[in-house]
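**Student:** Sequence:
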Amino acid sequence: MTTCRDGVPWLGFVIYPDHRLLKRRNAVNFTRRFRHNITLYEAGKISFAELDASVKGWINFVRYADTWGLRAHIFNHHPIRIRPMLPHEIPHQAPKRKGVRLWRPKRKKRSPWW
3 MTTCRDGVPW
13 LGFVIYPDHR
23 LLKRRNAVNF
33 TRRFRHNITL
43 YEAGKISFAE
53 LDASVKGWIN
63 FVRYADTWGL
73 RAHIFNHHPI
83 RIRPMLPHEI
93 PHQAPKRKGV
103 RLWRPKRKKR
113 SPWW
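Residue 71 in my numbering is what sits at position 69 of the sequence shown, and the numbering runs on without skipping anything.
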């Protein structure tokens with residue numbers, strides 16, 4: 003039987019009485035996946051939105067532990083070179099139609115005594 007001061011592994015974290023840490027394998031797996039996603043992004047195989055979603059998802063998971071220094075280390079040592087958007091990544095905007103108004107309910111005519 004272990005004591006709480008040794009930490010209790012639970013859901014990818016190690017819980018101590020006064021703080022929480024991320025399990026090492028979680029950080030290693032994310033770093034590996036992050037480097038792979040950066041190479042895919044730089045090759046044009048995934049969009050920046052997909053890379054961003056992956057990073058934001060991981061950050062939202064690890065923010066419950068004491069990971070500020072870990073996140074700073076990972077993102078400072080793996081820079082992302084932003085590339086121009088490919089034609090299929092440009093968001094489509096519908097052309098604006100002139101003379102078309104949105105439907106609005108008619109206002110009731112008010113009595114001059116109100």
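Calculated directly from the structure, the hints in this document are not laboratory data. For every residue, glycine included, the Cβ atom is placed at its ideal position computed from N, Cα and C. There's no promise every hint is true.
[As the list claims (entries may be wrong)] When the alpha-carbon atoms are kept at most 20 Å apart in a straight line, the in silico SDA-like pairs for lysine to any residue are as follows:
(1) 25 - 65
(2) 58 - 89
(3) 47 - 84
(4) 58 - 39
(5) 47 - 25
(6) 47 - 67
(7) 47 - 33
(8) 47 - 66
(9) 25 - 71
(10) 58 - 40
(11) 47 - 78
(12) 58 - 36
(13) 25 - 12
(14) 47 - 71
(15) 58 - 30
(16) 58 - 75
(17) 25 - 66
(18) 25 - 43
(19) 25 - 73
(20) 47 - 75
(21) 58 - 29
(22) 47 - 36
(23) 47 - 35
(24) 47 - 37
(25) 47 - 73
(26) 25 - 40
(27) 58 - 34
(28) 25 - 56
(29) 58 - 78
(30) 25 - 42
(31) 25 - 44
(32) 25 - 67
(33) 47 - 6
(34) 25 - 63
(35) 58 - 68
[As the list claims (entries may be wrong)] Simulated restraints, written as ranges between beta carbons of each label pair:
(36) 49 - 10: 35 to 41 Å
(37) 8 - 66: 26 to 32 Å
(38) 78 - 21: 32 to 38 Å
**Student:** None of the hints should be skipped; say for each whether it holds.
**Tutor:** Do the hints match the structure? See the list:
1. About 13 Å separates the Cα atoms of residue 25 and residue 65, which keeps this hinted pair within 20 Å; it holds.
2. The straight-line distance between the Cα atoms of residue 58 and residue 89 is roughly 25 Å, outside the 20 Å bound, and the hint therefore fails.
3. At roughly 14 Å between alpha-carbon atoms, residue 47 and residue 84 fall within 20 Å of each other, so this suggested pair holds.
4. For the given pair, residue 58 sits about 13 Å from residue 39 by alpha-carbon distance, which is consistent with the 20 Å threshold.
5. Pair hint residue 47 plus residue 25 does not hold up; C-alpha atoms about 30 Å apart against a cutoff of 20 Å.
6. For the given pair, residue 47 sits about 32 Å from residue 67 by alpha-carbon distance, which is inconsistent with the 20 Å threshold.
7. Restraint check for residue 47 and residue 33: satisfied, since their Cα atoms lie roughly 19 Å apart, inside the 20 Å limit.
8. A C-alpha spacing of about 31 Å is found between residue 47 and residue 66, which places the hinted pair above 20 Å, so the restraint is violated.
9. Between residue 25 and residue 71, the direct Cα distance comes to roughly 14 Å. Compliance with the 20 Å bound is thereby established for this hinted pair.
10. For the proposed pair residue 58 and residue 40, the alpha carbon gap of about 14 Å is at most 20 Å, so the pair holds.
11. Proximity of residue 47 to residue 78 is assessed by CA-CA distance (about 23 Å); at most 20 Å being required, the pair is judged violated.
12. As the CA atoms of residue 58 and residue 36 are separated by approximately 11 Å, the hinted pair is consistent with the 20 Å bound.
13. Taken as a hint, the residue 25 and residue 12 pair is honoured in the structure, with Cα atoms around 9 Å apart against an allowance of 20 Å.
14. Pair hint residue 47 plus residue 71 does not hold up; C-alpha atoms about 30 Å apart against a cutoff of 20 Å.
15. Only pairs whose Cα atoms come within 20 Å are accepted, and residue 58 paired with residue 30 is accepted, the gap being roughly 17 Å.
16. Taking the CA atoms of residue 58 and residue 75, the gap is near 16 Å; set against the 20 Å cutoff, the hint holds.
17. In summary, the hint linking residue 25 to residue 66 is supported, as the alpha carbons are separated by about 12 Å, within the 20 Å threshold.
18. Our distance criterion of 20 Å between C-alpha atoms is broken by residue 25 and residue 43, whose separation comes to about 27 Å.
19. Between residue 25 and residue 73 the alpha-carbon distance is near 14 Å, which keeps this suggested pair within the 20 Å criterion.
20. Proposed proximity of residue 47 and residue 75 is contradicted: the alpha carbons are some 26 Å apart, above 20 Å.
21. Taken as a hint, the residue 58 and residue 29 pair is honoured in the structure, with Cα atoms around 14 Å apart against an allowance of 20 Å.
22. Between residue 47 and residue 36 the CA atoms are separated by roughly 14 Å; this keeps the pair inside 20 Å, and the hint holds.
23. Restraint check for residue 47 and residue 35: the C-alpha separation of about 15 Å stays at or below 20 Å, so the hint holds.
24. Restraint check: the Cα-Cα separation between residue 47 and residue 37 comes to about 14 Å, which is no more than 20 Å; the hinted pair holds.
25. Annotation: proposed proximity of residue 47 to residue 73 is violated, straight-line Cα distance about 25 Å (limit 20 Å).
26. With a C-alpha separation of about 23 Å, the suggested pair residue 25 and residue 40 falls outside the 20 Å cut-off, and the hint is violated.
27. Annotation: proposed proximity of residue 58 to residue 34 holds, straight-line Cα distance about 16 Å (limit 20 Å).
28. Between residue 25 and residue 56 the alpha-carbon distance is near 19 Å, which keeps this suggested pair within the 20 Å criterion.
29. Using a Cα cut-off of 20 Å, the hinted pair residue 58 and residue 78 holds, with the two alpha carbons roughly 16 Å apart.
30. For the hint pairing residue 25 with residue 42, the CA-to-CA distance comes to about 26 Å; that exceeds 20 Å, so the pair is violated.
31. As the CA atoms of residue 25 and residue 44 are separated by approximately 29 Å, the hinted pair breaks the 20 Å bound.
32. Simply put, residue 25 and residue 67 have alpha-carbon atoms about 10 Å apart, close enough for the 20 Å limit, and the pair holds.
33. Pair hint residue 47 plus residue 6 does not hold up; C-alpha atoms about 46 Å apart against a cutoff of 20 Å.
34. About 12 Å separates the Cα atoms of residue 25 and residue 63, which keeps this hinted pair within 20 Å; it holds.
35. Note on residue 58 and residue 68: the hinted pairing holds, with a Cα-Cα distance of about 17 Å set against a maximum of 20 Å.
36. Checked against the hint of 35 to 41 Å, the C-beta distance between residue 49 and residue 10 comes to roughly 39 Å, which is consistent with it.
37. Between residue 8 and residue 66 the beta carbons are some 20 Å apart, a value that contradicts the proposed interval 26 to 32 Å.
38. Taken as a hint, the range 32 to 38 Å is violated for the pair residue 78 and residue 21, whose Cβ atoms sit roughly 23 Å apart.
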